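Asks: Mind docking chain F on chain Z? Use the hints.
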Amino acid sequence: MTAVKSSPPAPPEVAPRKSRTLVREVIIVGVIAAVFAFLLPAILGAAGQGVRINQLGRFISLAIAALGIDLIWGYTGMLSLGHGIFFTLGGYAFAMYLQLQLPAGQIPDFFTLYGVTELPFFWKPFYSFPFTLVAIVAIPTIIAAVIGYLVFRNRIRGVYFSILTQAALIVFFNFFNGQQKLINGTNGFKTDSAPLFGAPVSDPKLQTLFYVLSVLFLVGGYALCRWLTSGRLGRLLVAIRDDEPRVRFSGYDPTGYKVFVFAVSAGLAGIAGALFTVQSGIITPKSMDIAFSIEMVIWVAVGGRATLVGAVLGTILVNFAKTLLSEQYPEYWLFFQGALFLLVVTVLPNGILGWLQSDGLLWLRTLGRPQKVSTYPSLEEDIDVKYEQQNLRD
Amino acid sequence: MSGLLDGLFNGISIGAVLLLAALGLAIVFGLMGVINMAHGELIMLGAYTTFVVQNIFKPLGAPWSDFYIFFALVAAFIVAALVGVLLERTVVRYLYGRPLETLLATWGVSLILQQFIRSVSPQFVVGVGLFCALYFGAIAIISRRPDFERIRNWAIAIMVPISVAIALTASNVLGQSFKLGFTRPWFGTQGVDVTAPKWLRGGLAIGDSQLPYTRLFIIALTIVCLLGIYWFLNKTNWGLRIRSVTQNRTMSACLGIPTQKVDAITFAIGSGLAGIAGCAVALLGSVSSNTGQAYIVDTFMVVVIGGVGKLIGSIMAAGAIGILSYVIGSNAIGPLFDSMPFVKSIFEFFATASMAKVVVFALIVVFLQFRPAGLFPQKGRTVEA
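Residue numbers (the numbering used here), protein chains in the order written: chain Z, 1 to 394; chain F, 395 to 779.
Hints in this document: simulated from the structure, not taken from any laboratory.
Since the model is a prediction, treat every value here as computed from it, not as a measurement.
Backbone N, C-alpha and C fix where the C-beta goes; we use that ideal spot for every residue, glycine too.
A short, non-exhaustive set of chain Z residues, derived as facing chain F with CB atoms under 7 Å: (1) Leu79; (2) Ile156; (3) Val159; (4) Ile163; (5) Ile170; (6) Val171; (7) Gly178; (8) Glu331; (9) Phe335; (10) Gln337; (11) Gly338; (12) Phe341; (13) Val345; (14) Thr346.
Far from chain F, by Cβ distances over 10 Å, these chain Z residues were calculated: (15) Thr112; (16) Leu213; (17) Thr323; (18) Gly354.
The shape of chain F in the complex, shown without the other chains:
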């Protein structure tokens, strides 16, 4: 009995992290039909934000450093949302209607973000800042000329190398004069650790099993986020607009809904949720620049199984995947077949976290044979269906 409870709890807590990570992705995918490959990196940014906030609050002493996690949640949401809006405004917007290209472009962004976290240092920030100031400043000045459209390509072709050269020289000179304090990366390639506040350590004892407080906190966080999103989508004006654009973009545009603004807002919220998921991930273990990679495929699976545009689909999918991977991975079923050694040995063969993924994927493919559009497909008449 306690084994079953244990399995259920662990499965749900795995599912909660998955759901938190997948929620933003599912909303964006439902609205714009794009898969954001950089979603994992937004989670990672959220985790690193938590780390930074923790370090800021640590010297402040007892009452503050215990509750840094709440500030970290807000900060992670804001940081990830800002990066998300930037991504949407500068890249995704131009690729609307070309989902496969969007996928590749966001993959490029995810590579850049990973390397950014590894090599960000004062020198790096000065260099990039200088380049942006020079380049965009110059373009802003040139764009006042009446014949800007004509000379635009030339202006870009000339200004990019000049700005790069100046920024590189300046940052290298500064790096040589200030030495290591200036050039050493902030985070580096090593993982960083976030320590949970005191009141989250330990666990709730039920019978002979223990439920860790961090896991309970994450489940609670997921529920709060779900309620928040549900309220936002169903009770606010912007939520109404988001739902309408999800259902029929062209018709919504005809009725005067600013679809571009809706896209930006949705992307911001989806990315912000990724940031919050990053906070949760940071509580579970060490965080490195590869953290995001570990989550993306699982979160994609949640989106595929759940179907587009329904929260309930994502919830069920995340729960099912979480429980299944835990049950198979921990060999919870195997002992039930003591009388049949062959069946038992099969279950034991798959009883590791990575082999459980193999089984879960096989089950997903089988599931898609019956429900190709996921658990709760969008209803309507299209040629595609």
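If we strip away everything but chain Z, and leave its shape as in the complex, we get:
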């Protein structure tokens, strides 16, 4: 899995070898996905840990959102603190469809609580299943594209962008919280008992289906991000991250690319939100609070920025740590999380995978014993020099 290499810029490889590594990667990812989708639930179920399957399924759907964060933060250098918006929008879109699975002429229960007798107009399209599926991706994507365009057009970036996304998050949170008559306000939607394909959503068979779907979408998301980041677009994204003015001077307009990547990552977050909602049984505006969106960033940071595998790994690791720790000591989770933020940023800036890629493997092999010092480290460790030594010998 460590075949994912983004930076430093690898020397151009010869075509056939590239396709061979690609095939190898596809096989590895496929095998791991198959293990996760089919083998692991069976093992966990046999071990009497059925609860963990559901948790794992939720974390895998969160990992889809983490892929999106990695795409915009790890590769393009835009730290979004507002991905909860897109996550929640995806979840709400699916939940609204599920709420409408009623006998003809009825409207969801909560409307009567607030004295609403007629379905608000924007609910109507959610009767249709295909529309819902499109909406789960399209609504977050479009909103992200609009926000992104308005922000990036003015070359607002860095910390300003982060703050603005956070403010947007608060705005959406307030809006969703305050509109009881339209979308049930603070209470959100319960999806457990809603019927889907003739069974309630909480039915074990459907839950298994959602689990497998999560794995499949994660693989799909991974493939998409891998494709986006490996070609010329990927290099351009990294260039935007490292030196945006220079990209502009080279004749590119970064705005379009940034809007595009931001929209893609929002779409991924939307899918994640929908899958997470049906597996946890409820969606409320609480998934738009500030903390959750920043948590998404820390998953990526722990796993390793600009390594897509790291984003997935980090999400699952941190979330399992969170469940295990908050089951035992609920009050210490925040201390732990705070320390995690500090440690990752100061000690492990490239995350676990980044550390392994740079000097972790070496350290593990020698277990911290001091190394032979090179006479000219800059020459002997230089990637280009190494490459030439290996390949340019006639």
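Replies: What follows is chain F alone, placed relative to chain Z:
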């Protein structure tokens, strides 16, 4: 007419709290380009300090307990400034030039501070104190060895678990022998209340509306803080150095200005102002460990709108945001459109505090389309501009 006056007063008083909260943030952001996500928690610490000072002064009787607020202001400033310096020296300093990472790290600090306020108890203090004494003591002793650099990582890896184990055992044993009096949190998760001193209760009656004294006090406090900061930045040597580093860090360093010290001092002052803002916030309502969270996004908006490094920008931005949120939130404009029911219904739709935020944010985004760098951008030639 009185409605307009009322709106103006309420808007200004909302803006005053915002400005007080945002002032420290704006100065630090202008100087170092970092957003301190723990700023809200520094406000919260200031509020809790006010609560503690009030409880200390309460048994002292009449003349003292009436004026505890002034001691509380000083104490809040000092406590928040100390925490700020600690934060700068131990975390932010190492992340200079990486603003996004700083943002994440300070968020971690803010989580720790929130949970700290919830679970701080004698047991907790003993445990943490013991750990610090053991760990830093051991490191100090080991660092005298000549080969310290070589064994440093090992020393840390061994000393951390040992210190943690000893501290945990000791605090648990003490907790079991002294029971609840030792383990009960001081503040807990419930909010605490600060009662305003007698002379701040009630209000000034003007016409048929009343201006609460606490609000007037906060406005006065804000003005005093503004004047103080203005004087400090413009008339003192350190203020001069701070302004120079804000304008051009590299050049200032070349000219012999100790930029590290300037950073620490600025961070201390910014954090201290957050503490004072905490005092003001405590006067307005109940204080809990989440208090800081409620303020951060609004204060960030003030910084974004105001632009970097100009006090006047922050003042105008805070005033504008305060007045706008009050005017929209209280539906002051709606009645003007009695003849147009559609327009009126739109204004009524947004006439709550939370929906007003929606409108204000939309206006901020529109504003940034015209002035992307805020009201008063830093002038100069950079590639970024």
